[in-house]
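J.: If you read the sequences in order, they're chains L, X, P, C and Y.
Sequential numbering of the first sequence, starting at 81, is according to the numbering used here.
Sequential numbering of the second sequence, starting at 81, is according to the numbering used here.
Sequential numbering of the third sequence, starting at 81, is according to the numbering used here.
Sequential numbering of the fourth sequence, starting at 81, is according to the numbering used here.
Sequential numbering of the fifth sequence, starting at 81, is according to the numbering used here.
If you're looking for bench data, these hints aren't it; they were derived computationally from the structure.
A couple of the hints might just be wrong.
Identical copies look the same in the list; a pair holds intra-copy or inter-copy alike.
[As the list claims (entries may be wrong)] Below, simulated SDA-like cross-link-like pairs (lysine to any residue); rule was C-alpha separation at most 25 Å, straight line:
hint : residue 1 : residue 2
1    : LYS308    : HIS276
2    : LYS289    : LEU378
3    : LYS302    : ASP145
4    : LYS302    : GLY132
5    : LYS302    : ARG365
6    : LYS308    : ARG372
7    : LYS308    : PRO371
8    : LYS102    : GLU89
9    : LYS102    : HIS147
10   : LYS390    : GLU316
11   : LYS302    : GLU169
12   : LYS289    : GLU130
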Amino acid sequence: MQITPRVREILSWYESDNPGTKGNLARMLMTGKLAGTGKMVILPVDQGFEHGPARSFSVNPAAYDPHYHYQLAIDAGCNAYAAPLGPLEAGASTFAGQIPTILKMNSSNSLSRLKEDADQAVTASIGDALRLGCTAIGFTIYPGSDTAFAQFEEFRELSEEAKSVGLAVVLWSYARGGTLSKQGETAVDVISYAAHMAALLGAHIIKVKPPTGAFELDAAKKAYEAGKIATGSLTERIQDVVRSCFNGRRMVVFSGGETKGDTAALLGEIKEIAAGGATGSIMGRNAFQRPRDEAIKLLSDIMDIYKAAK
Amino acid sequence: MQITPRVREILSWYESDNPGTKGNLARMLMTGKLAGTGKMVILPVDQGFEHGPARSFSVNPAAYDPHYHYQLAIDAGCNAYAAPLGPLEAGASTFAGQIPTILKMNSSNSLSRLKEDADQAVTASIGDALRLGCTAIGFTIYPGSDTAFAQFEEFRELSEEAKSVGLAVVLWSYARGGTLSKQGETAVDVISYAAHMAALLGAHIIKVKPPTGAFELDAAKKAYEAGKIATGSLTERIQDVVRSCFNGRRMVVFSGGETKGDTAALLGEIKEIAAGGATGSIMGRNAFQRPRDEAIKLLSDIMDIYKAAK
Amino acid sequence: MQITPRVREILSWYESDNPGTKGNLARMLMTGKLAGTGKMVILPVDQGFEHGPARSFSVNPAAYDPHYHYQLAIDAGCNAYAAPLGPLEAGASTFAGQIPTILKMNSSNSLSRLKEDADQAVTASIGDALRLGCTAIGFTIYPGSDTAFAQFEEFRELSEEAKSVGLAVVLWSYARGGTLSKQGETAVDVISYAAHMAALLGAHIIKVKPPTGAFELDAAKKAYEAGKIATGSLTERIQDVVRSCFNGRRMVVFSGGETKGDTAALLGEIKEIAAGGATGSIMGRNAFQRPRDEAIKLLSDIMDIYKAAK
Amino acid sequence: MQITPRVREILSWYESDNPGTKGNLARMLMTGKLAGTGKMVILPVDQGFEHGPARSFSVNPAAYDPHYHYQLAIDAGCNAYAAPLGPLEAGASTFAGQIPTILKMNSSNSLSRLKEDADQAVTASIGDALRLGCTAIGFTIYPGSDTAFAQFEEFRELSEEAKSVGLAVVLWSYARGGTLSKQGETAVDVISYAAHMAALLGAHIIKVKPPTGAFELDAAKKAYEAGKIATGSLTERIQDVVRSCFNGRRMVVFSGGETKGDTAALLGEIKEIAAGGATGSIMGRNAFQRPRDEAIKLLSDIMDIYKAAK
Amino acid sequence: MQITPRVREILSWYESDNPGTKGNLARMLMTGKLAGTGKMVILPVDQGFEHGPARSFSVNPAAYDPHYHYQLAIDAGCNAYAAPLGPLEAGASTFAGQIPTILKMNSSNSLSRLKEDADQAVTASIGDALRLGCTAIGFTIYPGSDTAFAQFEEFRELSEEAKSVGLAVVLWSYARGGTLSKQGETAVDVISYAAHMAALLGAHIIKVKPPTGAFELDAAKKAYEAGKIATGSLTERIQDVVRSCFNGRRMVVFSGGETKGDTAALLGEIKEIAAGGATGSIMGRNAFQRPRDEAIKLLSDIMDIYKAAK
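Sequences are here, hints too, so could you generate the full structure?
T.: Take a look at the structure:
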């Protein structure tokens with residue numbers, strides 16, 4: 081498998097990483113329909129933890145089976161499949177060598193009432209990632225939460241260990257808790273800030289939500305205005321996020337959010353995200369909560385958009 | 081001992097586990113009256129910890145002696161016997177090789193006033209499980225409790241170590257604490273969610289209570305309605321739980337709850353549970369709080385029901 | 081030293097323990113005036129930690145000297161002497177080989193204001209127990225305290241290590257803290273529950289206070305009534321405690337409590353305790369807060385009572 | 081599975097072992113056609129290491145496949161199957177829970193020219209034994225070899241670790257090397273000495289070759305004469321070996337040696353071995369170097385002989 | 081158990097040892113018929129390793145059973161029983177608490193041809209000594225052997241660990257190998273030198289053979305003459321050995337050697353040894369190679385001699 085010049089360029093950004101980690105980043109970038117383009121579409125399935133099985137899978141009951149998601153990611157040509165420990169254990173042998181996997185290391189759930197101190201439980205180890213043949217670990221931080229510092233420290237330990245054994249590191253950075261307003265969680269200043277912190281923490285791939293045009297922090301707003309940073313369109317806001325990730329030296333992927341009935345609108349949003357320079361999308365509910373054929377069609381359309389992006 | 085095709089199929093679900101763990105799952109599935117059927121009836125005796133000796137054993141004083149329970153489990157043809165450290169230490173040598181044992185690793189008690197932050201103390205180690213010749217470890221989590229994340233993390237560590245030395249892992253998943261209502265603890269959405277989290281955490285065998293028809297979370301209720309998931313009968317609710325355990329790829333057993341005077345009603349409930357596709361029952365108080373002969377008769381009747389289930 | 085049949089029988093209860101631990105249990109059971117009877121009277125001196133030196137020793141100033149207690153235990157024919165680290169360090173060399181010692185591993189003190197979360201500090205290690213030539217470790221838990229679970233976990237670690245190097249394990253189980261009433265601390269249901277938990281945690285020897293006729297938990301009271309467990313006399317209540325310790329498979333000793341001026345009443349209480357099947361007494365303040373001659377006389381009278389018990 | 085009185089008696093000999101080890105000894109003793117008799121026939125397949133594949137398997141090519149041996153041991157009703165790491169890794173998952181396995185920890189081979197300093201390489205760990213679900217470890221020592229002391233020390237470390245995690249320990253004791261004559265390797269004084277050393281080293285099950293009537297050491301010969309130890313018949317010599325294993329307190333099994341064409345003679349030898357009080361036979365080449373049907377017939381006949389032995 | 085002034089004096093010699101070790105020395109000194117005298121008679125049974133089972137036990141077949149030796153040591157009133165791992169494992173539970181045991185940590189055997197580089201294999205660990213409840217470890221060095229320095233270093237490690245956990249240390253010091261003549265092995269200068277090295281290595285109790293009047297080293301012989309050290313009688317030579325053990329500050333016991341038919345001569349030798357100030361005898365073959373009654377009579381006579389010694 082010859083690596084493309086673009087992928088070689090991307091790997092060159094991760095200059096302090098060992099060849100093992102570079103190889104795993106390359107595996108993801110050279111897999112699926114987007115192989116070699118430097119773009120990525122990842123299938124994440126941790127909704128069962130976050131929202132429970134009925135809210136996650138009842139609309140498409142085949143998705144109760146962990147094998148369904150492996151096969152969906154493979155058939156749709158995704159770059160990787162991300163999930164917690166249990167589902168990977170349930171399929172890692174059957175699908176060994178067929179698709180890069182990301183072991184989601186921590187998870188929250190809807191039975192927890194934690195709010196200002198929103199948190200997650202660490203439910204897997206680096207040893208699990210290795211024995212299950214994973215390509216990367218995934219971890220969520222809640223910047224703004226009263227327990228955020230502890231989360232950063234948990235991440236630091238796992239990330240250091242992951243890198244030392246040649247794994248890649250994907251960081252979900254979702255501002256939440258503390259004094260943050262609900263609107264602030266997706267405000268452009270907060271999203272860019274959260275993405276930047278993920279880069280500062282050493283993540284190889286950063287996952288955030290697409291930012292709105294709102295602002296949460298006055299001081300930040302003033303700085304955007306003073307710096308004349310355009311945030312009027314989603315594309316401009318994505319550009320701000322990408323810039324905040326070491327001026328593009330770290331890959332950043334955007335979540336697809338809740339299931340959207342209006343596929344055209346969804347694809348329109350992806351186009352704006354792609355135009356902003358995003359590495360790609362991480363598309364869970366919009367994929368596995370549709371019938372399989374529709375999901376594959378949607379993911380294919382999304383990949384086409386990223387392929388067309390510069 | 082030739083493994084039956086059904087047991088072989090069940091073992092195939094645990095595809096990332098090492099042969100040691102598979103062997104221990106096989107030992108439980110090939111023991112007792114239900115050997116080879118893929119069904120299980122387990123005798124758990126941790127009530128002394130949870131409710132104290134008088135509430136647990138005074139109604140059948142022979143049960144104060146730990147040897148009583150070993151012998152009951154053997155004579156009744158149970159698949160396994162589960163207990164905390166002390167009772168296993170008190171009988172493990174006498175009954176070595178006669179019945180698979182599950183070392184219950186953590187326990188709560190009625191003198192604790194913890195409610196929203198319901199918790200348990202870890203009272204045994206994996207080294208204990210090995211020196212006592214146990215087949216599996218057992219652990220309880222309280223999803224919903226304010227200390228649930230810490231419990232998940234305790235479980236993660238013990239579970240990883242147990243799997244690495246070939247032990248099986250049984251997870252008691254009892255939603256409790258936080259903002260959960262008393263009714264919500266056994267609501268169908270909560271039970272299925274708790275069972276699903278146990279699967280996500282990597283449990284081999286999941287233990288929950290039989291769900292009622294109530295709902296706790298509005299968002300979940302809507303999902304059940306939207307997905308047209310039937311929850312009218314206990315059998316339908318059990319089906320939902322089984323589906324939530326990786327669409328049946330993980331074994332799930334249901335607790336028998338408090339002692340019920342009406343044996344016919346109890347057996348009727350078991351019939352519905354069995355019809356829903358449960359792996360079996362874990363039957364404590366309804367077993368050891370009856371005279372020995374009645375207990376053996378009851379357990380035998382329960383096993384007959386599971387044997388007859390498809 | 082030939083072991084008596086009764087001691088051999090007692091050792092057989094500890095069937096999962098290694099010969100080192102059995103040997104140390106045997107050493108205690110074959111020492112002193114009660115050697116070979118299967119009964120024990122232990123001298124514990126941790127009052128200095130709990131209540132300070134003046135409240136502990138000023139009434140009998142010779143007792144300020146740690147050597148005093150070693151010699152008292154030896155001269156009185158006790159089975160063992162229990163104390164914290166410092167006093168054992170102060171006398172272990174002088175009295176090496178003369179009396180089995182129990183290293184009390186944790187202690188509380190009267191300067192602490194902890195109440196609902198009553199706790200103790202761990203002040204010694206298993207390595208200390210070995211270098212000081214101890215026969216057993218002693219540990220206190222406060223079931224009911226808001227920190228009880230952490231105490232159970234501390235005990236678990238120390239107990240596993242102690243057993244692995246052949247030491248015996250004595251567990252002081254004193255319900256306290258949380259929502260427990262003062263009266264409830266010695267209520268019969270609570271004492272039996274506390275003793276039972278000590279057995280479940282894997283203690284070889286259990287120490288509790290003599291129970292009163294009070295009840296703390298309504299559910300427990302109902303169980304006593306339903307099970308027709310007699311609790312009218314102290315002897316009957318002791319029987320309930322013994323039964324709660326694996327139906328007599330674990331040794332249980334009762335504390336002597338505060339100094340009692342009325343020796344006849346004290347001996348009367350011991351008679352009832354002995355009649356209930358107790359293994360013996362652990363008698364601190366009533367021993368070292370009397371003049372030496374009186375203390376030896378009292379301990380001798382107590383031993384005579386146990387000797388005469390079946 | 082109720083243990084028979086004879087198996088219970090055998091387990092009582094291993095009085096310092098933990099319940100885990102006792103349970104694994106019980107598993108072997110309660111498996112197969114000889115279950116419960118206290119006798120054992122074990123299938124060992126380490127000839128490939130010792131003599132190479134052609135000398136081991138070409139006469140019965142089905143035996144090149146590791147699954148063949150698992151199935152043979154199961155179908156013939158053996159108590160256990162012993163093999164090095166590779167073959168167990170190749171079948172442990174397929175046959176999980178179907179037959180107790182003994183992980184042979186060290187092996188020699190015919191390409192080595194070591195003679196006086198005959199040795200073996202340690203090729204597996206206790207962790208391997210646990211993850212593969214083994215019941216016991218197997219180890220070979222060469223008493224007499226110039227490297228024997230190092231072998232004893234390797235064994236000591238593995239044996240201590242195995243016992244601490246509840247595994248049983250089988251010791252192949254084959255005098256060889258140094259100044260030992262070829263005839264001396266199977267001389268009765270040497271075989272009994274080798275068996276005795278295995279017992280002294282703490283083995284649970286001892287494997288030696290059937291002794292001839294020769295003597296190797298003059299001092300030993302004198303002792304046999306002085307003590308009037310009969311060694312005229314094989315049965316008498318087996319009695320001497322059994323006596324040398326703590327007067328029968330340790331199980332001793334005898335190897336079947338090279339393939340013998342004369343089945344009647346082979347069975348005659350087994351009869352003499354059984355009559356001498358041997359625990360059983362460990363029968364490799366005479367089993368797997370015959371066609372499967374003949375092998376099963378032969379093993380069955382051998383088991384019948386042991387069954388008939390007192 | 082009150083320690084006698086003589087035992088207290090002996091313990092005072094071990095002034096840098098922790099109370100655990102002192103307690104274990106006290107246990108040996110306060111056990112059996114010689115309890116309190118400061119004298120010791122120890123039963124060692126490692127002949128099976130050294131000379132094989134027939135040469136060791138055929139003359140008294142009851143001695144094939146490890147329980148025989150435990151009971152002999154107890155019934156004869158010995159201070160301790162010394163044996164390798166296997167025999168202690170085979171009886172440590174049955175005889176727990178009845179007799180101090182010394183775990184012999186290393187052993188040689190007659191199948192080894194090592195001469196100039198005479199060596200032993202280490203066949204037990206300090207962990208074994210603790211789990212088996214031993215009072216001391218025993219170790220053999222061969223001063224003069226080409227491998228002696230490695231033996232000293234093995235001893236150092238085990239001895240340091242043993243002392244840190246409160247065990248006592250007995251050192252068998254048998255000059256052998258290298259250029260030493262056969263006669264030189266028991267020459268008075270060599271025995272005193274070997275005993276002195278044992279003291280220098282930190283042994284608590286030193287075991288050597290009774291010295292002859294021969295000399296091995298010219299330089300030593302000159303020193304004896306210059307210093308006018310009497311070596312004419314065995315008593316004088318024993319005095320020299322005792323003097324060489326820190327002028328009596330370390331206990332030294334003498335082996336009984338091969339079985340002697342002439343009991344009167346044997347007792348005469350013991351009288352001379354006792355008169356020389358020896359701590360006692362370690363009497364193996366002369367004990368267990370006689371019928372039990374004779375052995376007990378002999379040991380009793382020997383104890384009487386030591387009792388009568390100043």
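J.: Now, for every hint given, state plainly whether the structure supports it.
T.: Each hint tested on the structure:
1. LYS308 <-> HIS276: within (19 Å within a copy, 43 Å between copies)
2. LYS289 <-> LEU378: within (19 Å within a copy, 39 Å between copies)
3. LYS302 <-> ASP145: Classified as between; 21 Å across copies, 49 Å inside a copy.
4. LYS302 <-> GLY132: between (41 Å within a copy, 12 Å between copies)
5. LYS302 <-> ARG365: Classified as between: cross-chain Cα gap 16 Å, same-chain 36 Å, threshold 25 Å.
6. LYS308 <-> ARG372: Answer is between; shortest inter-copy Cα gap is 19 Å, intra-copy 44 Å.
7. LYS308 <-> PRO371: between (44 Å within a copy, 16 Å between copies)
8. LYS102 <-> GLU89: Cα proximity of LYS102 and GLU89: in one copy and across copies (12 Å, 21 Å).
9. LYS102 <-> HIS147: Between copies, since 17 Å is at most 25 Å while 28 Å is not.
10. LYS390 <-> GLU316: within (15 Å within a copy, 52 Å between copies)
11. LYS302 <-> GLU169: For LYS302 and GLU169, the Cα distance exceeds 25 Å both inside one copy (49 Å) and across copies (30 Å).
12. LYS289 <-> GLU130: both (16 Å within a copy, 21 Å between copies)
Of the numbered hints given earlier, the model fails hint 11 alone.
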